[in-house]
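Quick mapping for you: the protein sequence lines, in order, are chains A and B.
Numbering-wise (our numbering), the first sequence opens with residue 130 and increments by one.
Numbering-wise (our numbering), the second sequence opens with residue 1393 and increments by one.
Hints were generated in silico from the structure; no laboratory data involved.
Any given hint could be a false lead.
Unchecked claim - Cross-link-like lysine to aspartate or glutamate pairs, in silico, EDC-like; alpha carbons within 20 Å at most:
id : chain 1 : residue 1 : chain 2 : residue 2
1  : B       : K1492     : B       : E1655
2  : B       : K1416     : B       : E1479
3  : A       : K335      : A       : D280
4  : B       : K1449     : B       : D1589
5  : A       : K296      : A       : E235
6  : A       : K339      : A       : D365
7  : A       : K339      : A       : E204
8  : A       : K296      : A       : D315
9  : B       : K1416     : A       : E253
10 : A       : K296      : B       : E1414
11 : B       : K1416     : A       : D292
12 : B       : K1492     : A       : E245
13 : A       : K374      : A       : D154
14 : B       : K1492     : B       : D1650
15 : A       : K272      : B       : E1408
16 : B       : K1492     : A       : E323
17 : A       : K339      : A       : D315
18 : A       : K588      : A       : E342
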Amino acid sequence: MDGNQRPNQVQGQDVGSPPAIRMVDVTKQYRRVAQSHKFLTLKSAFVGGNIFKLLRPDEVFTALEGISIDVARGETFGVIGANGAGKSTLMKIIAGITKATTGEVEVRGKISALIELGAGFHPEISGRENVYINAIMLGLTRKQVEERFDDIVAFAELEEFIDAPVKHYSSGMYMRLGFSVAIHVDPDVLVIDEVLAVGDESFVHKCLDKIGEFKRRGKTILLVTHGMETVRRLCDRAAWINQGKVQAIGDPPRVIDSYLEWVAGQEEEEMSRLERDRVSGLGQGVDRSSKQPPDELGMQGGEDASVNAPYEVGRWGSGEATIDTVRLLDAVGAPRHVFTTGEPVTIEIGFSLAKVLEDFVFGIGVFSADGVSCYGTNTDIERFEPAVLEGSGVARIQIPAMNLVPGTYYLDVAIHRRDGQPYDYHRGLYSFRLHSPFGDVGVARLPHRWSFEGGVRWKREGGIPLDAGSSGEPLG
Amino acid sequence: MWHSLIRLAQHRVLIETLVVRELKARYRGTVLGFLWTFIHPLMLLGVYTFVFMFVFKPARGDNVDPYALYLFCGLLPWTWFASSLSEGANSLVANGNLIKKIIFPAEVLPVVAVLSNGVNFLLGLPIYLGFWLAFRPEGISVHILLLPIVLLIQVVLSLGLVMFLSALTVHYRDVRDLLANVLTLWFFGSPIIYPLDLIAHPTARAVLEFNPMTHIIEGYHATIFVGELIHWKRLGVTGILALLVLVAGYYFFDRLRDSFAEEV
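Model the full structure from these sequences, guided by the hints.
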């Protein structure tokens, strides 16, 4: 593949043998031609105009800008980034499916691209025939397919179904066969775009093993994935692409950290925007109707914390006392909406009132995105005896370790009477998100420790880091 | 151009595989399966014979007896031509997955459209010849040996048009709708349901002479139906024209090639 023939010499970075993939200042622009313009071009094309010139774009979208990456032979290179960052475009350019608008791309050796598994499968014909056709499309000869056929089928675990039409395959079977064919093409350079996201756990492991085998055999692998753990485990180097530009390149842990930091920043922005919308959408007025608060919080000392009532966002109460601000603070007291499981979090409630109250309770409740109560407590449950509430002030509840599993959570905060009558009840107006380097499941992460005795050995010991920083590994 | 033709030759196995896939997939799931390749032209023969012999009798010149055999002699290659064009025009769009998702030589697709319909034609031909033997005891003329020349010219012309149309369809889906009507018009503008001699009006005659399909269809008539030599000069000119169409079509295709993966 020769890209655009521009006399564009690459500078330096000569590491012995030439790189397997070399990209110099690659820019890709997608053109959008407006429909009205298209009609004109069709007309003028028939009248004898130059259609190539007339298909000039009205709008240009720059998908990639000035990308220069060298991937050395035998290197496993990860590409990460948000959706729409340009990762797939980059892969397509390297694979030669689309051409760069400007810049130079050079790939040494036979390349195979796993951009969509089973892209060439025809639903009506059998798996066997599709294997042949797909493999030939990917560049094998008939004889080579014959030699590898049994391996392909065995790897896909489809021995029983290989003669059934592909339309009867489950999506997992389809993907397995697609992956198996593509991997048995045995390329020098393997481009994998996000295809590991499909398939069940065991097949993903098999794929990763196969990729590991490729790596050992000194093949060059380019891997696009959202699985940070995969990048960490497999890649020698990584690049983070954002809005068509390389944001960071180098050591995978460092690149991943800067990416995750950016993601947290984006989420933080989004969450606070949503929260602002929710709070301002309700106005500052308090619904004075004597609406009863739902019963599932710990607010009334209720025992039954199950949720059956729909979780509706809102605010109500008598207004004798009002909650003016609610903030979530991190360890250093900075307001945030995105935390890592295990981090300390402080919920801060700023209140004010006109008269003096002698019957009051502060309460909070945490709900998962699907409305399940995860935790609720209040001062009454915890045997606080109210004396006087007057003027204004701040209530804080410190949680030394926010040990809920990763996800988005909604927060209820309230000031109410001991019999449950609310002064001001904020339901689901505030939210926060938890991340975790681990995919543990359930509601809460119970503090735990693994220990083993006897014939147990590990290649690598896992575990939940005590510091629970923004990633599973210490920063470089 | 030559470079591209060589590349196309390198994709021979791929083309072959895809043609077979196309034919297999077409009749998969039907009870009669591959037999349809034969039954389809037979039924078409029945329909056209009924229409043009009993319902509506077009004026006929001499030498078109039996009319059903005359009709089918032109209809069979026309079906190949028309379905090549309509399928071929759509081939890039229909196989967008291949162009967008894998490293795939796009020019293979229009070629496959023309060739897979060609195979259908070649499978229909023996049926036609069988009928011929049944109706005309004197047998098949040796001039049928010249048929490959006619076939070749049709292939070249179809390829050129399909290259052009498929690339254009990527940018203008309207082509598909337009093409269906153009093909109907073209059908009546070719000597398929009537013999060429019947057209006396000078303008109409000139239009027919200008139509390359006229000479190709006449080539089929000559080698199969009449049993005479092909018209070397007319077919020669048509052949050169077909070649020019192919070169132009391929050039057009090649110029727009880079846009396929984005526009499909």
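Hint by hint, here is what the structure shows:
1. B:K1492 <-> B:E1655: 9 Å, holds
2. B:K1416 <-> B:E1479: Holds - the C-alpha atoms of B:E1479 and B:K1416 are around 16 Å apart, at most 20 Å.
3. A:K335 <-> A:D280: OK: A:K335 and A:D280 at ~14 Å, within 20 Å.
4. B:K1449 <-> B:D1589: With Cα atoms ~17 Å apart, B:K1449 and B:D1589 stay inside 20 Å; holds.
5. A:K296 <-> A:E235: Roughly 38 Å separates the two Cα atoms, so the pair is violated.
6. A:K339 <-> A:D365: It holds: about 17 Å lies between the C-alpha atoms, which stays within 20 Å.
7. A:K339 <-> A:E204: With a Cα-Cα distance of about 15 Å, the restraint between A:K339 and A:E204 holds, given a limit of 20 Å.
8. A:K296 <-> A:D315: 27 Å, violated
9. B:K1416 <-> A:E253: Judged against 20 Å, a Cα distance of about 8 Å means the pair holds.
10. A:K296 <-> B:E1414: The hint holds at about 16 Å.
11. B:K1416 <-> A:D292: 14 Å, holds
12. B:K1492 <-> A:E245: With a Cα-Cα distance of about 9 Å, the restraint between B:K1492 and A:E245 holds, given a limit of 20 Å.
13. A:K374 <-> A:D154: Holds, at about 10 Å.
14. B:K1492 <-> B:D1650: 11 Å, holds
15. A:K272 <-> B:E1408: 15 Å, holds
16. B:K1492 <-> A:E323: 15 Å, holds
17. A:K339 <-> A:D315: Holds - the C-alpha atoms of A:D315 and A:K339 are around 11 Å apart, at most 20 Å.
18. A:K588 <-> A:E342: Satisfied, since the Cα-Cα distance of roughly 17 Å is no more than 20 Å.
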